[in-house]
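The residues making up each chain are set out below.
Number of protein chains: 2
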Amino acid sequence: MTNWTLAARAAKMNPSVIREILKVTEKPGIISLAGGLPSPKTFPVDAFARAAATVLAEDGPAALQYAASEGFPALREAVAQWLPWDVDPAQVLITTGSQQGLDLVAKVLVDEGSRVLVETPTYLGALQAFSPMEPTIVSVASDDEGPLVDDFAATAGHDSGRARFMYLLPNFQNPTGRTMSEARRAALVAKADELGVPLVEDNPYGDLWFDQPPPAPLTARNPEGCIYLGSFSKVLAPGLRLGYVVAPKAIYPKLLQAKQAADLHSPSFNQRLVAEVLKDGFLERHVPTIRALYKRQRDAMHAALERELASLGVTWSRPDGGMFLWARLPEGMNAIELLPEAVERNVAFVPGAAFYAEAPDARTLRLSFVTASPAQIDTGIKALADTVRARLARA
Amino acid sequence: MTNWTLAARAAKMNPSVIREILKVTEKPGIISLAGGLPSPKTFPVDAFARAAATVLAEDGPAALQYAASEGFPALREAVAQWLPWDVDPAQVLITTGSQQGLDLVAKVLVDEGSRVLVETPTYLGALQAFSPMEPTIVSVASDDEGPLVDDFAATAGHDSGRARFMYLLPNFQNPTGRTMSEARRAALVAKADELGVPLVEDNPYGDLWFDQPPPAPLTARNPEGCIYLGSFSKVLAPGLRLGYVVAPKAIYPKLLQAKQAADLHSPSFNQRLVAEVLKDGFLERHVPTIRALYKRQRDAMHAALERELASLGVTWSRPDGGMFLWARLPEGMNAIELLPEAVERNVAFVPGAAFYAEAPDARTLRLSFVTASPAQIDTGIKALADTVRARLARA
Chain A
1 MTNWTLAARA AKMNPSVIRE ILKVTEKPGI ISLAGGLPSP KTFPVDAFAR
51 AAATVLAEDG PAALQYAASE GFPALREAVA QWLPWDVDPA QVLITTGSQQ
101 GLDLVAKVLV DEGSRVLVET PTYLGALQAF SPMEPTIVSV ASDDEGPLVD
151 DFAATAGHDS GRARFMYLLP NFQNPTGRTM SEARRAALVA KADELGVPLV
201 EDNPYGDLWF DQPPPAPLTA RNPEGCIYLG SFSKVLAPGL RLGYVVAPKA
251 IYPKLLQAKQ AADLHSPSFN QRLVAEVLKD GFLERHVPTI RALYKRQRDA
301 MHAALERELA SLGVTWSRPD GGMFLWARLP EGMNAIELLP EAVERNVAFV
351 PGAAFYAEAP DARTLRLSFV TASPAQIDTG IKALADTVRA RLARA
Chain B
1 MTNWTLAARA AKMNPSVIRE ILKVTEKPGI ISLAGGLPSP KTFPVDAFAR
51 AAATVLAEDG PAALQYAASE GFPALREAVA QWLPWDVDPA QVLITTGSQQ
101 GLDLVAKVLV DEGSRVLVET PTYLGALQAF SPMEPTIVSV ASDDEGPLVD
151 DFAATAGHDS GRARFMYLLP NFQNPTGRTM SEARRAALVA KADELGVPLV
201 EDNPYGDLWF DQPPPAPLTA RNPEGCIYLG SFSKVLAPGL RLGYVVAPKA
251 IYPKLLQAKQ AADLHSPSFN QRLVAEVLKD GFLERHVPTI RALYKRQRDA
301 MHAALERELA SLGVTWSRPD GGMFLWARLP EGMNAIELLP EAVERNVAFV
351 PGAAFYAEAP DARTLRLSFV TASPAQIDTG IKALADTVRA RLARA
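Quick note, the sequences are listed as chains A and B, same order.
The working numbering applies: residue 1 is where the first sequence begins, and numbers increase by one.
The working numbering applies: residue 1 is where the second sequence begins, and numbers increase by one.
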């Protein structure tokens with residue numbers, strides 16, 4: 001009999017809580033406010049069809065051949081151009097989605113037991129990407145403006161126990177929707193530099209602002225002390241699996257070697273496709289249409305929450321961009337327990353507990369406002385209110 | 001100043017020796033017999049152009065959306081159908097090239113210091129994929145029929161020191177071009193089962209046979225004791241980065257979790273593209289054209305070697321399929337030392353030493369017969385003979 005002995009890290013890999021929850025919610029007719037899927041209405045299908053025809057007609061064999069691990073030069077240049085600080089294309093590494101960027105960062109910077117700091121709460125996918133490298137994850141206390149600088153300093157550790165990095169999602173965070181303030185960014189970057197702690201900045205949603213752009217990225221303030229992760233998933237389409245890492249010279253070669261070992265390179269065809277679509281300032285025209293759509297959907301959800309849930313003691317954030325809104329149930333209520341009752345009433349959400357590295361707040365939940373239509377949002381929030389009301393009546 | 005403390009594993013990551021060598025050989029006018037690039041003549045560019053148009057017209061939003069980590073159902077079914085044993089599509093995991101399969105296998109099965117067995121020599125990319133998980137790699141002595149079963153048994157270890165797996169490339173191996181015999185396959189699978197050692201079978205070249213198919217895969221003989229890695233890179237195109245893993249139920253869920261954490265899923269668009277191209281038995285018509293082309297190229301290289309190098313004491317294999325031929329220089333000669341002299345004469349190869357986990361044979365070198373044309377092969381082998389002759393004259 002074959003002896004499949006698992007690596008110790010395999011025991012720490014767990015099925016995505018969200019994916020398991022989403023299975024519960026795969027019920028016909030359910031309104032899902034749970035998933036993190038961009039609205040397919042925003043996918044520029046025709047532009048991709050034209051680009052696919054052009055790339056294959058003009059450069060087919062090269063687009064289908066092996067290629068450099070760093071990425072397609074024109075795409076690396078387009079990324080450098082798009083970012084709002086002075087980026088050398090040589091520091092851009094194209095990745096198979098920004099999820100791969102998280103995997104590479106952990107491989108290169110995390111030993112078993114290494115301290116890694118995260119926000120409270122934080123992106124679940126990052127916890128999953130980091131956990132195979134067996135870090136000790138430490139939650140930094142956070143408020144509406146982001147992580148608290150004093151707690152960052154208190155938890156950063158020193159000498160051989162110094163945090164290998166802090167992972168941050170400063171814009172329209174998944175899951176909370178919150179945005180780090182200008183003052184907090186400036187203070188955190190200064191403190192990180194003082195303490196020598198690298199920052200890993202994940203910014204998939206930064207372009208999806210509603211009224212005004214968020215403050216400048218952390219990396220723009222100290223490029224030598226930060227790794228920046230970006231993605232085409234929310235401004236073009238997630239199904240191409242293309243993201244990128246911008247890393248300083250101190251760390252780029254090791255990320256590149258980890259990338260080579262992981263999948264040789266991201267698909268050449270997809271990289272040329274995106275480079276072709278991006279020509280002539282496509283994003284400058286396209287992204288505003290996504291912003292406008294998502295803003296209308298956020299407004300619809302905010303209005304429905306005001307109407308249906310404010311009087312029941314539920315509180316929530318009103319995000320300035322992105323895809324998610326964060327709500328909190330009345331005292332004594334538990335979002336994990338509430339979910340099956342909500343699913344019975346044909347609405348689904350993600351309990352917030354999944355996003356905490358430590359000490360979850362069981363009252364929290366994440367609502368996506370981008371996948372369902374405004375009419376579905378109305379119906380879904382009404383169903384959620386009915387669920388909360390029924391719970392309150394039983395309490 | 002930011003303190004970039006690297007993980008211990010990062011020190012074990014090294015730039016691909018081959019990629020570094022290939023940089024030396026990026027000289028205008030050079031004939032490269034070094035790279036492992038499939039001939040772009042074999043890429044079905046028109047079929048992909050039609051498939052891209054169809055997929056985006058019929059199913060654009062879904063093709064561009066997030067998708068299940070397991071892979072696109074129709075593609076998983078096509079893989080199960082294509083493989084020559086009874087494969088349940090539920091055991092197929094679509095990966096971002098088969099290189100990613102190696103990364104996932106190592107993550108799930110290798111702890112620091114775990115024993116991993118490989119052939120002598122073996123695929124360099126596998127050594128690179130495994131090394132971040134810090135195994136102890138042990139070379140199993142091998143002859144023209146593959147690894148020696150007695151040495152496999154002697155090096156397999158036991159109890160907590162038992163090898164986590166042996167990695168094998170039974171068909172037209174990279175780098176040697178050799179094929180494991182039927183008898184060796186049967187004996188090795190039986191011994192592995194007896195000792196409880198899992199086998200990881202990598203088969204990117206198996207379909208590229210010239211006169212007759214190779215013996216049945218190892219996995220077909222003991223599916224519960226093997227992980228099988230396949231690829232679309234050599235039968236369709238590498239630039240799409242699509243491969244697959246077939247794994248038994250004992251290990252599939254952990255590979256799936258590692259896949260989720262690594263890049264969420266392989267590109268939905270690419271998976272639908274390949275599933276569309278594969279419809280109506282495309283591979284049954286297409287793969288024979290690749291076999292015929294590569295057979296002509298192998299014949300051209302074999303004839304050139306006979307003509308130019310046999311009299312100089314160089315020996316070589318005549319592979320029955322695949323992309324590579326393995327040669328050995330006369331006693332006292334070193335392929336790494338010879339390479340710059342060959343590059344001066346406008347021909348490049350890969351020194352074989354790169355492919356040994358232990359105790360390299362410095363006289364060996366790998367020649368690809370698929371990227372250069374028969375005329376270029378003639379010129380290149382003649383230049384190689386001139387290089388060897390010049391060396392011999394100096395000795």
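Hints listed in this document are in silico derivations from the structure and should not be mistaken for laboratory results.
Don't take every hint at face value.
A pair counts as met if it fits within one copy or between any two copies, since identical chains are not told apart.
[To be verified] For lysine-lysine, the following DSBU-like pairs were computed, each having C-alpha atoms within a straight-line distance of at most 30 Å:
| # | residue 1 | residue 2 |
| --- | --- | --- |
| 1 | K41 | K279 |
| 2 | K279 | K12 |
| 3 | K12 | K295 |
| 4 | K382 | K27 |
Quick caveat: nothing in here was measured; it's all calculated off a predicted structure.
Going down the list of hints, with the structure as the test:
| no. | hint | result |
| --- | --- | --- |
| 1 | K41 - K279 | both (21 Å within a copy, 28 Å between copies) |
| 2 | K279 - K12 | neither (43 Å within a copy, 40 Å between copies) |
| 3 | K12 - K295 | neither (38 Å within a copy, 48 Å between copies) |
| 4 | K382 - K27 | within (18 Å within a copy, 68 Å between copies) |
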